[in-house]
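Chemist: Here's the letter readout for the chains.
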Amino acid sequence: MYNFEFEKPSSIADAVAALGDEDATALGGGQTLLPTMKQRLASPTKVVSLLGISEMQGICTGDDGALCIGGATNHAAVAAGASAYPGLAALAGGIGDPAVRARGTIGGSLANNDPAACYPAAALGSGATIVTNAREIAADDYFQGMFTTALNEGEIITEVRFPVPEASNYQKFEQPASRFALVGVFVAKFSDGVRVAVTGASEEGVHRWTAAEEALSANFSADAVPAAPGADGMIADLHGTAAYRAHLVAVLTKRAVAAAG
Amino acid sequence: MPKDHGIGASPKRREDIRFLSGTGNYTDDMNVNGQAYVHFLRSDVAHGRIKSINLDAASAMPGVVKIFTGADFEGVGGIPCGWEVTDKHGNAMQEPAHPVLAQGKVRYVGDQIAAVVAESVEQARDAAEAIEVDIEELPAVVDMASALVDGSTKVHDDLTSNLCYDWGFVEENKPAVEAAFAEAAHVTTLELRNNRLVANPMEPRVAIGDFERASGNSTLFTTSQNPHVIRLLMGAFVLGIPEHKLRVVAPDVGGGFGTKIFHYAEEAFCTFAAKALNRAVKWTSTRSEAFISDAHGRDHVTTIQLALDADNNFTALRTDTMANMGAYLSTFAPSVPTWLHGTLMAGNYKTPLIYVNVKAVFTNTVPVDAYRGAGRPEATYQLERVVDKAAMELGVDPIALRRQNFITEFPYATPVAVEYDTGDYHATMDVLEKMADLSGFEARRKESEARGKLRGLGINCYIEACGIAPSNLVGQLGARAGLYESATVRVNATGGLVVMTGSHSHGQGHETAFPQVIAEMIGIDESMVEIEHGDTDKAPMGMGTYGSRSLAVGGSAMVRATEKIIAKTKKIAAHLMEAAEADIELKDGTFSVAGTDKSVAWGDVTLAAYVPHNYPLEDIEPGLEETAFYDPANFTYPSGAYACEVEVDPDTGKVTIEAFNAADDFGNVVNPMIVDGQVHGGIGQGIGQALLENAAYDENGQLLSASYMDYAMPRASDVPFYGVDHSCQTPCTHNPLGVKGCGEAGAIGSPPAVVNAVVNALRSGGHDIHHIDMPVSPSRVWQAMNG
Ligand SMILES: Cc1cc2nc3c(=O)[nH]c(=O)nc-3n(C[C@H](O)[C@H](O)[C@H](O)COP(=O)(O)OP(=O)(O)OC[C@H]3O[C@@H](n4cnc5c(N)ncnc54)[C@H](O)[C@@H]3O)c2cc1C
Numbered sequence: 001m002y003n004f005e006f007e008k009p010s011s012i013a014d015a016v017a018a019l020g021d022e023d024a025t026a027l028g029g030g031q032t033l034l035p036t037m038k039q040r041l042a043s044p045t046k047v048v049s050l051l052g053i054s055e056m057q058g059i060c061t062g063d064d065g066a067l068c069i070g071g072a073t074n075h076a077a078v079a080a081g082a083s084a085y086p087g088l089a090a091l092a093g094g095i096g097d098p099a100v101r102a103r104g105t106i107g108g109s110l111a112n113n114d115p116a117a118c119y120p121a122a123a124l125g126s127g128a129t130i131v132t133n134a135r136e137i138a139a140d141d142y143f144q145g146m147f148t149t150a151l152n153e154g155e156i157i158t159e160v161r162f163p164v165p166e167a168s169n170y171q172k173f174e175q176p177a178s179r180f181a182l183v184g185v186f187v188a189k190f191s192d193g194v195r196v197a198v199t200g201a202s203e204e205g206v207h208r209w210t211a212a213e214e215a216l217s218a219n220f221s222a223d224a225v226p227a228a229p230g231a232d233g234m235i236a237d238l239h240g241t242a243a244y245r246a247h248l249v250a251v252l253t254k255r256a257v258a259a260a261g
Numbered sequence: 001m002p003k004d005h006g007i008g009a010s011p012k013r014r015e016d017i018r019f020l021s022g023t024g025n026y027t028d029d030m031n032v033n034g035q036a037y038v039h040f041l042r043s044d045v046a047h048g049r050i051k052s053i054n055l056d057a058a059s060a061m062p063g064v065v066k067i068f069t070g071a072d073f074e075g076v077g078g079i080p081c082g083w084e085v086t087d088k089h090g091n092a093m094q095e096p097a098h099p100v101l102a103q104g105k106v107r108y109v110g111d112q113i114a115a116v117v118a119e120s121v122e123q124a125r126d127a128a129e130a131i132e133v134d135i136e137e138l139p140a141v142v143d144m145a146s147a148l149v150d151g152s153t154k155v156h157d158d159l160t161s162n163l164c165y166d167w168g169f170v171e172e173n174k175p176a177v178e179a180a181f182a183e184a185a186h187v188t189t190l191e192l193r194n195n196r197l198v199a200n201p202m203e204p205r206v207a208i209g210d211f212e213r214a215s216g217n218s219t220l221f222t223t224s225q226n227p228h229v230i231r232l233l234m235g236a237f238v239l240g241i242p243e244h245k246l247r248v249v250a251p252d253v254g255g256g257f258g259t260k261i262f263h264y265a266e267e268a269f270c271t272f273a274a275k276a277l278n279r280a281v282k283w284t285s286t287r288s289e290a291f292i293s294d295a296h297g298r299d300h301v302t303t304i305q306l307a308l309d310a311d312n313n314f315t316a317l318r319t320d321t322m323a324n325m326g327a328y329l330s331t332f333a334p335s336v337p338t339w340l341h342g343t344l345m346a347g348n349y350k351t352p353l354i355y356v357n358v359k360a361v362f363t364n365t366v367p368v369d370a371y372r373g374a375g376r377p378e379a380t381y382q383l384e385r386v387v388d389k390a391a392m393e394l395g396v397d398p399i400a401l402r403r404q405n406f407i408t409e410f411p412y413a414t415p416v417a418v419e420y421d422t423g424d425y426h427a428t429m430d431v432l433e434k435m436a437d438l439s440g441f442e443a444r445r446k447e448s449e450a451r452g453k454l455r456g457l458g459i460n461c462y463i464e465a466c467g468i469a470p471s472n473l474v475g476q477l478g479a480r481a482g483l484y485e486s487a488t489v490r491v492n493a494t495g496g497l498v499v500m501t502g503s504h505s506h507g508q509g510h511e512t513a514f515p516q517v518i519a520e521m522i523g524i525d526e527s528m529v530e531i532e533h534g535d536t537d538k539a540p541m542g543m544g545t546y547g548s549r550s551l552a553v554g555g556s557a558m559v560r561a562t563e564k565i566i567a568k569t570k571k572i573a574a575h576l577m578e579a580a581e582a583d584i585e586l587k588d589g590t591f592s593v594a595g596t597d598k599s600v601a602w603g604d605v606t607l608a609a610y611v612p613h614n615y616p617l618e619d620i621e622p623g624l625e626e627t628a629f630y631d632p633a634n635f636t637y638p639s640g641a642y643a644c645e646v647e648v649d650p651d652t653g654k655v656t657i658e659a660f661n662a663a664d665d666f667g668n669v670v671n672p673m674i675v676d677g678q679v680h681g682g683i684g685q686g687i688g689q690a691l692l693e694n695a696a697y698d699e700n701g702q703l704l705s706a707s708y709m710d711y712a713m714p715r716a717s718d719v720p721f722y723g724v725d726h727s728c729q730t731p732c733t734h735n736p737l738g739v740k741g742c743g744e745a746g747a748i749g750s751p752p753a754v755v756n757a758v759v760n761a762l763r764s765g766g767h768d769i770h771h772i773d774m775p776v777s778p779s780r781v782w783q784a785m786n787g
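These protein sequence lines map, in sequence, to chains C and D.
Quick note: the first sequence uses the working numbering, first residue 1, plus one each step.
Quick note: the second sequence uses the working numbering, first residue 1, plus one each step.
These are calculated hints, taken from the structure and not from any lab test.
Some clues are possibly wrong.
For the chain D half of the interface with chain C, some residues (derived, Cβ under 7 Å), not all of them [what the hints assert, rightly or not]:
no., residue
1, PHE181
2, LEU576
3, PRO650
4, ALA696
5, ASP698
6, GLN702
7, LEU704
8, MET709
9, ASP710
10, TYR711
Glycine included, each C-beta is placed from N, C-alpha and C at the ideal position.
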């Protein structure tokens, strides 16, 4: 690790100001950033912890019924506290291990947008709104490919608002080593249609499987899930071919629909 | 009733108190006053010519003490190889130089280019980044078959090719084997790969070199399984320091699994630099470094063929293997695919004719050496897979085919040069059939099928060879070391004992099990016996712990030394009781005179040895301390039968292990609980190899699975509760304890059981497949099911 300055502001405004410096980086739970720094792959000159900002912590229900989660809320808190949205709570409870869940945050996960991460599937699958210090971003506009998002330099995710579906489920097929999603599928059934978001599979990062959404919006049953998508553009690596990942997308979508009930 | 003390009892491991309470003393816990820290600049290309190294900027960085490169090691010895294999033409293997720091070329990702010694680890790392190295990248030699093609890029320019040796065993058998194949009623052929593994002990390697100018003595603290071997190899061959000027200490070691047997460049560097700088130098490997600098294991590519007659008797076996050596020869690397592998090819079967060919190959990858089982898992895997495939092809029951071909008479001389002293393979199979409820398998399969899952049963038998010996024979086979073990038993005046053993415990529980043996021999409480190990200044020259040798060889040395002690104490007791020595009996810690009520306690006799007022000084010396060196007459041959039951999810290819049962014959058992633990750990690692672990290189020689993000280790949730049984005991005939060794059995016996089970499951689902290479990952299983 290289030397860096450390700040732990207690308000969003102070955090934004601290992040104004060139090469300053926000720190959530540190589950991605700290290992990267230890390996000397990241060298921020200043690290600004967001964990001292109380308005970025916790879970509540908005006037419109959406579940609002503070940007610095950790996975364990969501697993325990998002009972209004069981599909989301279960997803949070399946991330990493207890130590990771006690540290890692929803804001950090969405900002990082790892192509194998779980939260991006929930946010995109729910049609969530990513609230930052500056604006509100629809999930459909937020995710822009592996490790790429609509966030600007120094912009902080302060809150994530999840519309609560009638039924939902997340199916994660674990990559054997990292236990991130080799493929993960989040299915959410709303009164006006079904959303299906896929993580882990595509070179483009998290994405919606629109063919399945259409079919399931017409008939929400596992049998209605279309044949597996094409393997083109799917990730191929040590842990699975592109064809295998494409196949899993369909299998997991069926399972998610069946489990969502 | 199980015993509550002595041989056969299961006292809890006394060393666990410190391991579980954070009070162990590992090498990284140790610090020497004024120590500096070293960081190794490692190659990030697999193969390249070093054109220049510019240290100017780096040397000026804060905290830098000195930066060393290969140039500083000219005239210093290289890392030696401890085993010379002779090829099938009678020529010595090709043995490349192995410099402490790279000279001229880098040969794998991880090869040490320079070593920065600084006041702190972070300063050393900072300075390493400022070193300017100009490397001309060369094509990487990764695939073994391509490495052997004429005109391939050479890993070592001064060798004639990338072939280390072409070994034939037993070469004289070859024509007879060929003839048997020509006459066979059935031949089963199987091609397979034994996947490359990273050992991953929980504790990464650490070395601290220290030097005392006043005495000129060097000390190396290191994470080693055999400190005396390191002292000899490093002292004699690398640095030219005689043993009396060099102390090697391996304190608590957090797992070895083979990879801490070897003498590594980092150890030699720290010892060398401490003397050069007159200052202690410490190195602690990071986990990332461990992946690219600890010797890897396995990595064989094999074609095996089994010939059978019309009655399904095995008539001949032949096998061709390419064994990856990596870029340099690690300490025992050449012996693993040869003498630890070819000699085991008979397995549990009376196949009369066997021929083994092994080509050892240099590649631009991390050196490969012994890993839990070392050669024996590779032998067992191919043999038990081909037997299973033969059963499949012939449509016969795999257990029946095995039983039909079992060796039943002992001693049994195999056609691959070893003689099994004892065993009862039908008995272990009987135990297994019962404990694994094999007759209930079909019902369980139906129940799985009702849930949409494919269930498979995999059977495996193994034979293991532990305690490699005797020294004069292994010398003929090319070992550059002896393979005895030593023990010094020091009895204190008040009767307590300290045993200094050349064996080394890095998780095996010697501190608990060894005292059980001695306490039983004397009839005293185990708490009166303490084990010391891991310090060359304390224990006599010993060979350390690997190859499941500690109890069979180290324990035997301890028994011999204790026998000497008992003989002497009987003389003293005879004197004290004014009786004839021949009439003295020792039982429950009391000496008595046969046929009388005269007795004297152990403690009174030991006290007399040190306070020799009433003592036969004219006949025997005072004091009570004896040393023994034990050189075994033969290997020991544990064996067993394993059964694995898996479920395969046909939608995803995911394999789950539903049941795993192991019936082992380890001969006599000293501490059944510790043996259970050794078997559990071995099976866990074997399941890891079978389902999860894979050190994979890309064509440029980059390790793709160089962290836990991609290298899959088994976790508790990946394994079931094991059934473990070692009630079948055919004691070893040639060591005093009748013990055989249990440390590697699980890792040897489990991978074929798992793969056999997966293949069996898929076939039950109508998939016409015969083999899937390890690791049997979900993706590979799905691929196999979907052509
Ligand atoms: C062993 C292990 C297993 C894991 N398994 C899983 C898994 O199964 N599934 C899964 O989805 N994830 C997994 N993770 C990832 C983990 O859950 C975290 O979600 C992830 O590391 C990022 O969250 P964090 O709070 O730790 O962010 P940090 O590491 O602190 O930061 C990550 C990045 O996000 C930025 N950032 C942090 N917070 C904000 C914010 N509020 N606004 C804007 N930018 C911000 C930082 O600047 C940094 O660039 C695993 C991690 C580990 C270490």
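Chemist: For every hint, state whether the structure bears it out.
Modeler: How the hints compare with the structure:
1. A hinted interface residue such as PHE181(D) counts as satisfied when its beta carbon comes closer than 7 Å to some beta carbon of chain C; here the least separation is about 37 Å, so the hint is violated.
2. Hint on LEU576(D) is violated. Least Cβ distance to chain C is approximately 63 Å, over the 7 Å limit.
3. Hint on PRO650(D) is violated. Least Cβ distance to chain C is approximately 10 Å, over the 7 Å limit.
4. Hint status for ALA696(D): holds, given a least beta-carbon distance of 6 Å to chain C, under 7 Å.
5. With a least beta-carbon distance of about 9 Å to chain C, the hint placing ASP698(D) at the interface is violated under the 7 Å criterion.
6. The criterion of a C-beta within 7 Å of any C-beta in chain C is not met by GLN702(D), whose closest approach is roughly 12 Å, and the hint is violated.
7. The interface hint given for LEU704(D) holds, since its Cβ lies 5 Å from the closest Cβ of chain C, which is under the 7 Å cut-off.
8. With a least beta-carbon distance of about 4 Å to chain C, the hint placing MET709(D) at the interface is held under the 7 Å criterion.
9. Interface hint status for ASP710(D): upheld, as the beta-carbon distance to the closest one in chain C is roughly 5 Å, under 7 Å.
10. The beta carbon of TYR711(D) comes within 6 Å of a beta carbon in chain C, closer than 7 Å, and the hint placing it at the interface holds.
The structure does not agree with the numbered hints 1, 2, 3, 5 and 6 stated previously, though it agrees with the rest.
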